[in-house]
Amino acid sequence: MREYAKTTGIELDDDINRLEKKAKQLRQEIFSKLDRWQRVQLARHPQRPYTMDYINGMCSYFEELHGDRYFADDPAIIAGFGMIDEYSVILIGQQKGRDTKSKLYRNFGMPNPEGYRKALRIMELGAKFNKPVITLIDTPGAYPGLGAEERGQAEAIAYNLFAMSHLPVPIINVVIGEGASGGALGIGVGDRILMMENGWYSVISPEGCAAILWRDAANASLAAEAMKVTAEDLKELKIIDEVLKEPEGGAHYNHAEAIKAVKEAILRHLKELLKIPVERLIDQRIDKFSKMGAWIE
Amino acid sequence: MDWFKRKKESLKAADKKELPDGLWEKCENCGEIIYKKELEKKYYVCPKCDHHFRIGYEVYVSLLFDKDTFTEFNANILSADPLNFKDVKKYSDKYKATVKKTGLKEAVVTGSAKIDGREVVAALMDFRFLGGSMGSVVGEKISRAVDKALELKAPLIILSSSGGARMHEGIFSLMQMAKTSAKLARLDKAGIPYISILTNPTTGGTTASYAMLGDIHIAEPKALIGFAGPRVIKQTIGQDLPKGFQRSEFVQEHGFIDIIAHRHELKTKISKLLEFFAHKN
Ligand SMILES: [Zn+2]
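Protein sequences, first through last, are from chains A and B. This note's numbering puts the first residue of the first sequence at 14, with every later residue one more than the last. This note's numbering puts the first residue of the second sequence at 4, with every later residue one more than the last.
These aren't lab readings, by the way, just hints derived from the structure by calculation. Just to be clear, a hint being listed does not mean it is correct.
What the hints assert, rightly or not - Keeping only pairs whose Cα atoms sit at most 16 Å apart, straight-line, the calculated EDC-like set for lysine to aspartate or glutamate is:
hint : chain 1 : residue 1 : chain 2 : residue 2
1    : B       : K270      : B       : E122
2    : B       : K246      : A       : E163
3    : B       : K192      : A       : E292
4    : B       : K108      : A       : E163
As the list claims (entries may be wrong) - Where chain A lies over chain B, by a calculated footprint (3+ residues, C-beta under 8 Å):
hint : stretch
5    : 39-49
6    : 78-91
7    : 117-123
8    : 188-201
9    : 209-216
10   : 256-263
Note that CB positions come from ideal geometry on N, CA and C, so glycine has one too.
With these hints in hand, go ahead and build the complete structure from the sequences.
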C-alpha cells in the first residue's frame, strides 16, 4: 500500500499508519496470549535463527574446530573460537539444518556422543587459554540411535555435566530454541542460564511426555502445559536467570534484532562474571545447581 | 522415564498369585517354579538359570552391608510437587498412593553402613517407587549422600535401578542430573572413591548422570543399561535391535562397565575394591 501510495502520489499515509498500528497491536495481543504449546512451535519455527546465525551475527572472527579426537566430527554440534566485540570466547551450540540436505547433515540438531565430547574438548581447550564459554542450546534431544548407545551417549552427557561444573572459566548458556532433556543439558551447565522468550526447555519433549503419561503423543499441548516448559515458567521457577525479549512476532521475524538481544545479554553477563575469582565462580556454579529442586521435609 | 511401560511386567505378578499360598515363585526368565524361601536365601537369583530378579533396596541392604550396620539418613524428604502436575491423574495423588502401596517414601534410600567393617555412604534406588524415577527428592538425597561421604571421608556407593528422570517434575528433574554430577565432581577432587552399581534397569537421566560417573562401574548380569529406551531407538531407526543390545555384557563390550558381578559376589568384589583403595604404599 505504501509502495502504491509512493508511485501514484495518492495520500494514504494516515490509513497506512492506522493499519500498521492496528496490525502491531493485534500481533502484540496474539503474542501475549500464546499458550505453551504455541511457544514450543515457535521455538521450532524453521525460519528461526540457528546457532550459526547467532555466531555469524555476533562475532567479528570465528573459526570452527572439528572432531572429538577419538571417533568423529559431529555436525550436530558446532564448536570454535570467536571474538564478540573485544572478548575472545569459545562458542558451542547444536546446529539444525534448513533444507532437507542440511537437516540430514546436521541430524536435525540431535548430537551423538562424539558431539558432546567435541564440545567438552573445545571447552577445556578454552579453559587452558582462559577463554569464557558461551553455549547456544537448540536441540530436540540427544540422538537415540544404535551407534549413539554403543559409543556411550549417557556417559558422554554425564561426563560433560561433571566436567562443566568445574570448568575454570565463566560459562553462559543461552537456550535459543529447543532445550530437550539431557541432550540440551549436555552443554547446559554454567554460571548464567539465559533463554529466548519463545524457547522451551524441559526434561522431555511435550510429545514424549504425552506419549508416556497420556499414552498419546497428540496430547502434547496438555503435556506442555503440565510440564511448564516456557522461558517465563522457568524464570518463575528460578531455574533460568533471564528471559531475552524477542522481536515482535518472534525471532524469525527479525534475525538481526534477535541476535542483537542475545549479544547484548551475553556481554552484560560476561562482564560481571569476569570479575569473579575463579574459585568462587566454581563454588557459586555448584551452589546454583544444588539449590534446584523442590522438596518438603 | 519409561517406567510406565513396566506395567506389562507387573501383570506377571498376577501369575505369582496363582501359585498356592504365595510359597512359590515363577522365574520370569526360564519359567522354573522356585520355593520362595529358597529364592530369598539366594537373594532372588534363579537357582536354575541365574536370572537376577529385580529386588527392593532392603534386599540390597542385607546383601551388601554388615548385619545391622545400615543407618538411614534424610528419610523424610518428600516431593513438593513444584509444578502442581496433572496428567490423567494428579501427581500428588499418584505419589501418595505409591507411598502407601510400597511403604517407601521415595525412589532412593540413603544412609551409612559398613562393608566388612569399612564405613561407606550408600544410596540405594528402588524401582518400586514410580519406576525408580529421579525427581527433586532423589537428586537432593543423593547430593546429601555425597556431602556426607565428603564429611566422613568415606567411600560412596550408589546403586541405580531407574527408568530415568521423573517427568512429573519437569525441568526440576532434569536439573538433578547437573546437581548430582556437580557434587560428584567435588567428591572426585577430594579423592574419595565412588562405586556405581548398575542394576536392571538403569536408563535415561540416571545413566546420563551419576550412574556413569563412578570410579568403578559394576553391573549385575544382563541388566538393561542405556540412555534412550529400546522402544524409542527402535522407532527412530525403524529396525529391530540386535540381540543383547543395551544389556550389561553389551555395554561392557563397548567400554562402559568395569565389572559384571553376579549378585552373590557383589559384596566380596566391593569389599576387595575398598580394601585396595584404602591400601597405602
Ligand atoms: Zn530361571
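How the hints compare with the structure:
Between B:K270 and B:E122 the CA atoms are separated by roughly 14 Å; this keeps the pair inside 16 Å, and the hint holds. Between the alpha carbons of B:K246 and A:E163 the distance comes to roughly 13 Å, so the proposed pair stays at or under 16 Å and holds. Taking the CA atoms of B:K192 and A:E292, the gap is near 13 Å; set against the 16 Å cutoff, the hint holds. Of the supplied pair hints, the one linking B:K108 and A:E163 is violated, its CA atoms being roughly 35 Å apart against a limit of 16 Å.
Counting residues of the stretch 39-49 of chain B whose beta-carbon sits less than 8 Å from any beta-carbon of chain A gives 0, not enough to reach three: the coverage restraint is violated. Using a Cβ-Cβ cut-off of 8 Å, 12 residues of the stretch 78-91 of chain B lie near chain A, which meets the minimum of three, so the contact claim holds. Remark: the stretch 117-123 of chain B is not confirmed as covered by chain A, as 0 of its residues place a Cβ nearer than 8 Å to a Cβ of that chain, below the required three. Counting residues of the stretch 188-201 of chain B whose C-beta sits closer than 8 Å to any C-beta of chain A gives 4, which meets the bar of three, so the coverage hint holds.
Against chain A, the stretch 209-216 of chain B contributes 7 residues with a C-beta closer than 8 Å to a partner C-beta. That satisfies the three-residue criterion, and the hint holds. Counting residues of the stretch 256-263 of chain B whose C-beta sits closer than 8 Å to any C-beta of chain A gives 3, which meets the bar of three, so the coverage hint holds.
Violated hints for the displayed structure, listed by number in ascending order: 4, 5, 7.
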